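**Student:** So the protein sequences, as listed, match chains E and H.
Residue numbering for the first sequence follows the numbering used here, beginning at -5 and increasing consecutively.
Residue numbering for the second sequence follows the numbering used here, beginning at 6 and increasing consecutively.
No wet-lab data here; the hints were simulated from the structure.
Everything numeric in this text was worked out from a predicted model, so none of it was measured.
There's no promise every hint is true.
[Unchecked claim] Listed next, with one range per pair, are the computed distances between beta-carbon atoms:
no.: 1; chain 1: E; residue 1: Pro44; chain 2: H; residue 2: Gln14; range: 35 to 45 Å
no.: 2; chain 1: H; residue 1: Gln14; chain 2: E; residue 2: Gln53; range: 33 to 43 Å
no.: 3; chain 1: H; residue 1: Gln14; chain 2: E; residue 2: Ala139; range: 41 to 51 Å
[What the hints assert, rightly or not] Every beta carbon over 12 Å from chain H, so not counted as near; a handful from chain E, in silico:
no.: 4; residue: Glu83
no.: 5; residue: Ala106
no.: 6; residue: Gly108
Glycine included, each C-beta is placed from N, C-alpha and C at the ideal position.
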Amino acid sequence: MSKPIKVDIWSDVQCPWCYIGKRKFEAAVDAFDGDVEVEYHSFELAPDTPVEYDGTPAQYLAERKGLPMPQVEQMIERVRGIASSVGLEYDYEHMHQTNTVKAHELLHYAKAHGRQLEMKEALLKSYFLDGGHVGRIDDLADLAAGLGFDRQDVVRALSENQYLPAVKADVAQATEYGIQGVPFFVFEGQFGVSGAQETATFANVLEQVRNAKEPAA
Amino acid sequence: MSDAIPQLQILGDADAASCDGDVCELPEHRDHAIMNRRLDEDLV
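Using the sequences and the hints, build the whole thing.
**Tutor:** Here's what the structure looks like:
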């Protein structure tokens, strides 16, 4: 029996293409007739963002980049349309722009408990679909408790920055790979794929990687 | 993951949409590709 294909994915919780790319990648994995093992890694797109930002992503982008609001809204509408095409109804009116480092720490906490994939989906869903706040410790602890984690222990781990070194190690590894944007997929530690590729592209990559791993006799 | 970071062989569409910094734009060429596909479909 062949070993699963290992895929390491660098991603941020507030990255719209990461959620879209996740869905497209998952569709390719579902159709693939082999085993795939996924591990998520932390990437902070805007680490200087305050936890408490009183505004929507559109307002944030307009303020930060000085882009005219109509242009920002047009960009968001395009992303929203593509998200919808993969079954994700992004609710930009209720998103809370924030700092994601604690969300990344929570992902490492969940990984330590063998439930990282479940937490990744929950965090993305909370931010993009449910209007959840993914920057505050209390909100993150509530989310984790909803998944059955020990709320008190989550608060402790996040308050003590227990997994901050793991987050920083992921970011450092991304830098070494030369990763500048996310999502970024590393297959078997050898093949890199950048961005929210089409499902067919991910499917082709999985075949290519399998063939590279197990050349035909 | 290993401590040694090998150079990656890049696969897939090099222009796929991604977030770089806090900007998550759709590459312009993708709009054109979608528009061209719609035009093709209309012709069909």
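**Student:** Does each hint hold? Answer for all of them.
**Tutor:** Evaluation of the provided hints:
Our hint of 35 to 45 Å for E/Pro44 and H/Gln14 holds, since their Cβ atoms are close to 39 Å apart. For H/Gln14 and E/Gln53, the hinted distance range of 33 to 43 Å is satisfied, since their beta carbons lie about 40 Å from each other. For the pair H/Gln14 and E/Ala139, the beta carbons lie near 42 Å from each other, so the given range of 41 to 51 Å is met. Under the 12 Å C-beta cut-off, the non-interface status given to E/Glu83 relative to chain H holds; the minimum distance is some 17 Å.
The claim that E/Ala106 is not at the interface with chain H holds, since no C-beta of that chain comes within 12 Å of its own (minimum 16 Å). With a least CB separation of 18 Å from chain H, E/Gly108 remains clear of the 12 Å interface cut-off, as annotated.
Taken one by one, the earlier hints all hold for this structure without exception.
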